[in-house]
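Here is what each chain is made of, one letter per residue.
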Amino acid sequence: MYLTKEEEKMLESDNPAVSKAMEILVALGDIFGAEKLIKIKSAHVSGISYQNIGNEGLEWIEKLNAKVKVKTTINPAGMDLEKWKEMEIDEEFYSKQIRIINAFKRLGAEITLTCTPYLQYTPKHGDILSWSESSAIIYANSVLGAKTNRESGISALAAAIIGKTPYYGLLIDENRKPSIIVEYDGEINYRTLSLVGLKLGEILERNKIPLFKFQRKLKKDEMKILGASLASTSDLAIFHILDQTPEARIEKPLEKITIEIEKDETECDPDLIALGCPHLSENELKGIFEIIKKEGKVKREIILFTSRYVAKKNKKLIEKFEKNKVKVFTDTCIVVSPLAERFGTILVDSGKAFTYLPKLRKVRTCLASTICCIRKAYE
Amino acid sequence: MKVKARVISRGFASGKAVVSRKRISFLGDVDPSTGKIVAKDSDITGLNIAGKVLIFPGGRGSTVGSYVLYKMKKIGTAPIAIVNLETEPSIAVGAIVAEIPLVDKPEINVVEFIKTGEIVEVDANNGWIKWK
Chain A
1 MYLTKEEEKM LESDNPAVSK AMEILVALGD IFGAEKLIKI KSAHVSGISY
51 QNIGNEGLEW IEKLNAKVKV KTTINPAGMD LEKWKEMEID EEFYSKQIRI
101 INAFKRLGAE ITLTCTPYLQ YTPKHGDILS WSESSAIIYA NSVLGAKTNR
151 ESGISALAAA IIGKTPYYGL LIDENRKPSI IVEYDGEINY RTLSLVGLKL
201 GEILERNKIP LFKFQRKLKK DEMKILGASL ASTSDLAIFH ILDQTPEARI
251 EKPLEKITIE IEKDETECDP DLIALGCPHL SENELKGIFE IIKKEGKVKR
301 EIILFTSRYV AKKNKKLIEK FEKNKVKVFT DTCIVVSPLA ERFGTILVDS
351 GKAFTYLPKL RKVRTCLAST ICCIRKAYE
Chain B
380 MKVKARVISR GFASGKAVVS RKRISFLGDV DPSTGKIVAK DSDITGLNIA
430 GKVLIFPGGR GSTVGSYVLY KMKKIGTAPI AIVNLETEPS IAVGAIVAEI
480 PLVDKPEINV VEFIKTGEIV EVDANNGWIK WK
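Chains as they are written, first to last, in the numbering used here: chain A, 1 to 379; chain B, 380 to 511.
Rather than coming from a laboratory, the hints here were simulated on the basis of the structure.
In this text, a Cβ means the ideal position worked out from N, Cα and C, and glycines have one as well.
Incorrect hints may appear among the rest.
To be verified - Pair by pair, the computed Cβ-Cβ distance ranges are:
(1) Glu465(B) to Asn65(A): 31 to 39 Å
(2) Gly108(A) to Ile487(B): 39 to 47 Å
(3) Lys415(B) to Gly296(A): 54 to 62 Å
(4) Lys67(A) to Asn504(B): 24 to 32 Å
(5) Glu205(A) to Ile487(B): 30 to 38 Å
(6) Lys213(A) to Glu491(B): 46 to 54 Å
To be verified - Chain B residues, not near chain A, derived (Cβ > 10 Å throughout):
(7) Lys415
(8) Lys494
(9) Lys511
Please construct the entire structure, taking both the sequences and the accompanying hints into account.
Structure below.
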């Protein structure tokens with residue numbers, strides 16, 4: 001890979017945070033055949049939860065003595081920064097998690113603690129990014145038309161410190177075009193979109209990019225769920241929807257497949273209902289409250305996960321949820337916190353949570369539409 | 380014999396080789412507390428890679444594997460150097476973070492030429508591997 005004189009200097013920097021960051025970008029550039037580094041507009045870093053990165057991750061991040069060069073946001077932590085006791089987080093976990101967050105503060109990152117950074121700072125069409133967090137990556141590429149490869153937490157942090165990323169893969173227009181048409185003509189809700197995403201992720205050949213045909217246009221939040229599900233069973237980082245997403249163009253005849261999913265929901269008797277994977281948007285919170293408002297206090301434990309930013313903007317709404325015994329946690333989520341391990345069966349409306357909860361938290365998980373999830377809270 | 384290779388993570392090390400013909404994920408295939416290969420489908424199951432020059436085709440699997448390599452280096456169970464035929468991001472990033480020398484794309488298929496137990500030198504500053 002070609003490096004400018006300035007980039008060469010960074011590779012030889014006396015500051016190990018800078019030289020290591022550069023070494024990581026050069027290695028990735030070489031592996032993927034990038035010809036150069038290119039400037040980025042923002043970075044989003046995953047691997048924030050102490051539950052996921054442990055003492056090793058904590059120590060490595062604490063050692064970094066540098067400042068990020070671009071807007072840098074970070075993924076959810078393992079706990080709500082204020083309600084951690086209510087989550088039954090122990091003191092040791094709390095102090096380790098705070099150390100990770102403080103390390104990111106020193107690096108100059110914004111302590112967003114969300115997997116939906118695009119709800120707070122929305123990238124523009126064509127912006128070059130270095131993002132990790134598979135659900136945010138696929139949303140940025142597909143829905144917003146920004147450009148990012150599927151970075152890891154470490155490579156996104158390296159790019160944030162240098163302000164650049166290797167130029168390859170999805171940063172190049174030619175590599176973003178659809179290569180297969182995927183038809184689904186069934187009902188559309190979070191459960192069905194999750195299943196379509198999960199199934200397609202499993203069967204799709206590597207490097208194929210799907211272009212969906214649906215019966216109607218999807219809402220942004222629906223595209224968020226679809227993408228998050230797709231990215232949890234594959235390494236896919238972009239999709240298109242005909243007549244909807246910004247780069248959905250068919251330039252040549254494409255192979256076509258039809259996705260069918262199971263029609264009926266499985267029976268489930270959960271001791272927790274968890275919504276907000278990825279973090280809930282303002283519209284989703286409002287939609288959920290429409291049902292809660294009619295039914296009143298819930299009978300089963302239900303927790304909503306959103307970002308501190310969205311919660312602050314909707315303070316009154318959050319209070320109303322709490323009056324109806326609906327818990328709302330920010331800064332964290334059901335997948336990256338140890339919370340899930342206290343429950344026997346968790347009901348979710350997200351294909352991503354449905355995939356990762358049994359794997360990472362070893363807990364039985366059921367999937368249903370949002371409405372069915374909320375109704376379950378009153379049974 | 381001395382062959383050229385591509386530098387991924389800089390450094391120099393020399394030691395006994397452990398050679399596998401299969402892909403390895405540091406998340407799941409290795410017990411980080413001992414350095415032992417635990418993957419049942421591996422051709423080096425039960426062998427210990429701590430302090431060895433680990434030679435294998437490349438990685439597979441999760442990016443969390445990068446931190447596993449770092450952890451192994453910290454507690455002394457990591458390989459002293461890695462040679463891949465063609466490396467992939469989680470191993471490359473892990474090696475850089477853990478400061479383990481790593482080269483890949485050797486001129487010849489070293490997995491076929493080097494045997495477990497042979498002494499191998501890995502110069503990941505200048506980009507070569509030497510044995511016998």
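Quick rundown of the hints versus the structure:
no. : hint                               : in the structure
1   : Glu465(B) to Asn65(A): 31 to 39 Å  : holds, 33 Å
2   : Gly108(A) to Ile487(B): 39 to 47 Å : holds, 46 Å
3   : Lys415(B) to Gly296(A): 54 to 62 Å : holds, 57 Å
4   : Lys67(A) to Asn504(B): 24 to 32 Å  : holds, 29 Å
5   : Glu205(A) to Ile487(B): 30 to 38 Å : holds, 31 Å
6   : Lys213(A) to Glu491(B): 46 to 54 Å : holds, 48 Å
7   : Lys415                             : holds, 18 Å
8   : Lys494                             : holds, 27 Å
9   : Lys511                             : holds, 28 Å
Going through the hint list in order, the structure satisfies each hint without exception.
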